[in-house]
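Student: For the protein sequence lines, the chains are E and D, in the order given.
Okay, so the first sequence: first residue is 16 according to this note's numbering, each after it adds one.
Okay, so the second sequence: first residue is 11 according to this note's numbering, each after it adds one.
To be clear, the hints were calculated from the coordinates, so they are not data collected in a lab.
Each residue gets a CB set at the ideal place from its N, CA and C atoms; glycine is no exception.
Treat the hints with caution; some may be incorrect.
[To be verified] Cross-link-like lysine to any residue pairs, in silico, SDA-like; alpha carbons within 25 Å at most:
| hint | chain 1 | residue 1 | chain 2 | residue 2 |
| --- | --- | --- | --- | --- |
| 1 | E | K98 | D | R282 |
| 2 | E | K155 | D | A80 |
| 3 | E | K155 | D | H81 |
| 4 | E | K155 | D | E62 |
| 5 | D | K137 | E | V255 |
| 6 | E | K155 | D | K183 |
| 7 | E | K155 | D | P98 |
| 8 | E | K98 | D | A80 |
| 9 | E | K155 | D | R100 |
| 10 | D | K183 | D | M259 |
| 11 | E | K98 | D | V61 |
| 12 | D | K254 | D | P178 |
| 13 | D | K137 | D | A122 |
| 14 | E | K98 | D | R100 |
| 15 | E | K98 | D | Y21 |
[To be verified] Which chain D residues face chain E? A few, computed with CB under 10 Å, are given here:
| hint | residue |
| --- | --- |
| 16 | A80 |
| 17 | R100 |
| 18 | R158 |
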Amino acid sequence: MKISTSAVLRLVALLVLVAFLVSPQSFAPLFAPLTQYGAPPIYDQGNLAVLTLAQLATVCVAAAASTLVAVSLGILVTRPAGKQFLPLSRTLVNIGQTFPPVAVLAVTVPLVGFGEKPTLIALFAYGLLPIFENTITGLKTCPPQVLEAAAGMGMSAGQRLRSVELPLAMPLILEGIRLSLVINVGTATIGSTVAAKGLGEVIIAGLLSNNTAFVLQGGLVTGLIAVLLYDALAALERRVCRSVQFD
Amino acid sequence: MITVENLTKRYGIATVVDAVSMAIPRNAISVIVGTSGSGKSTLLRMINRLVEPSSGRVLIDGADTRSEPAHLLRRRIGYVIQGHGLFPHRTVAENIATVPRLLGWEDARIRARVEELLQVFQLDPAKYADAFPHQLSGGQQQRVGVARALAAEPAVLLMDEPFGALDPIIRAKAQEDLLDIQRRFGTTIVLVTHDMDEAFRLGSHVAVMSVGKLLQFDRPAALLRHPADDFVARMTGASDRAMKLLSLMTAGEAALPGVCDGPTVAASASLRDVLSELLWSGRGAAMVMGEDGIARGHLTVAAILERARP
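The following block holds chain E by itself, in its conformation from the complex (with noise of 0.2 Å):
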């Protein structure tokens, strides 16, 4: 079997991510340069593996929350009875991702508190754009002639969405969680302002102790993960795209 040289780039990524995030002290010769006056050169203030886990927990819920609304919206707007709703689910979910996270946070903090909760708010409206575009896209993108003969043999509308339309705009819908779970990634090192669970810690302790390494750590990790979330999603799509080709 062949095996391209981008699989065993990310391979090694993926060894290198876990064997850091297991046994991050044997990584300290790596990043001692990068520290000044002796300080620690590993984030030694919380478990790092368990910062991971937390982030990316707090992401898969906050996308999972994207997914189930910008999908009921998209195909909410794609139905003949819900047409005049585009223009107002549209702005809407313009208005999530051009308001900055911060804001959000600054904005949710008095009215739920510090911790995750602010987080989850700021990345589910920041996630919505992608996936509701995505799915509109996919579902009025279906050929017309398919839409027709399904209509001709019989299915009901919930038979066609079903069976018809989702399978076919599948491929774009994952594509819009994709994209929405790899930029919350990165984002959701914010929420460590306000006391979330998360790598953005480990940035905010490096920032404030002057500690290049620390920024690094969080940052690197953080970055690997979207990199290899995404490449991951990619594949998943393309196993369930095979099925799905337009002709």
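For chain E, the structure is supplied; the task is to place chain D on it using the hints.
Tutor: Just chain D, lined up with the frame of chain E:
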């Protein structure tokens, strides 16, 4: 029998189908011809209620099509469109099984039916059942489209320009196949086309439509001999109507008793083909031979020409 009564469709101020009434005969192919914008597709789509009529009604075997929900009605009526509309994410077998699944047939019955239809349409089940539509040629996709429409053994089959996307050679084959299928299953077929030759080739009855109105609905020969108006005459092709008339009759029907010294033609060949053959070979007469190898008589050029008159 499908009875269309005063069927009208208006979109705003535009009347697309204007008070059309016709009695479409059972177990035969009726073809609706017209230029684009004549309302022929809309008329067809009102039969299975993909378009709801503004007024008038459609009866199938005496029952009003509005007496049940539209999607249940459509499961009993086959529907084939131009460009086949196969589900790209489903295999050929799954595509064909669509309506039987909607009707809740048992798996074994569905499998048997899919296999039977693949055989009928000359698609090897072992090779094609699990193929995806994009892996098939245009002609094969079209055949799967028709197989899918026939899967639940509908008594009525509606076809909207089913062969429009095929090249001439494959189209001729598809038309032959359709005639075979119609004879085999006895389905009542209503087919829409803008191609008069196709209409004459397939239809036992042909309807001519123009700007929403049904101008004439009759047997092809009657359309040629007694066109209702100038438009019908032009549609049916005034310049070659004699040849068209000949193409509607077979050598077997026109054969005269007796023998002659000449080439042999098949009884199933059209008079037009026989005449062409005689002109080409420079002979004056031909022997007509049935498929069973028994002579049916003979045909002379003069006898054929006699048949080409109104």
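Student: Now look at each hint and say whether the structure bears it out.
Tutor: Taking the hints in turn, this is what the structure says about them:
Restraint check for K98 (chain E) and R282 (chain D): not satisfied, since their Cα atoms lie roughly 56 Å apart, outside the 25 Å limit. Restraint check for K155 (chain E) and A80 (chain D): satisfied, since their Cα atoms lie roughly 23 Å apart, inside the 25 Å limit. At roughly 22 Å between alpha-carbon atoms, K155 (chain E) and H81 (chain D) fall within 25 Å of each other, so this suggested pair holds. A hinted pair counts as satisfied when its Cα atoms are at most 25 Å apart, and K155 (chain E) with E62 (chain D) qualifies at roughly 23 Å.
For the suggested pair K137 (chain D) and V255 (chain E), the alpha carbons sit about 23 Å apart, so the restraint of at most 25 Å is met. For the hint pairing K155 (chain E) with K183 (chain D), the CA-to-CA distance comes to about 35 Å; that exceeds 25 Å, so the pair is violated. Distance check on the hinted pair: K155 (chain E) and P98 (chain D) sit about 16 Å apart at the alpha-carbon level, within 25 Å; holds. Restraint check for K98 (chain E) and A80 (chain D): the C-alpha separation of about 23 Å stays at or below 25 Å, so the hint holds.
Of the pairs offered as hints, the one joining K155 (chain E) and R100 (chain D) holds, with about 19 Å between alpha carbons and a cut-off of 25 Å not exceeded. For the hint linking K183 (chain D) to M259 (chain D), the alpha-carbon distance of about 20 Å falls within 25 Å, and the restraint holds. Taking the CA atoms of K98 (chain E) and V61 (chain D), the gap is near 20 Å; set against the 25 Å cutoff, the hint holds. Distance check on the hinted pair: K254 (chain D) and P178 (chain D) sit about 18 Å apart at the alpha-carbon level, within 25 Å; holds.
Simply put, K137 (chain D) and A122 (chain D) have alpha-carbon atoms about 16 Å apart, close enough for the 25 Å limit, and the pair holds. Between K98 (chain E) and R100 (chain D) the CA atoms are separated by roughly 29 Å; this puts the pair beyond 25 Å, and the hint is violated. With a C-alpha separation of about 20 Å, the suggested pairing of K98 (chain E) with Y21 (chain D) holds against the 25 Å cut-off. Checking A80 (chain D) against chain E: minimum C-beta separation of about 8 Å stays under 10 Å; hint holds.
Here the hint on R100 (chain D) is kept, as its CB sits about 8 Å from the closest CB of chain E, short of 10 Å. Interface restraint check for R158 (chain D): the shortest CB-CB distance to chain E comes to about 7 Å, inside 10 Å, so the restraint holds.
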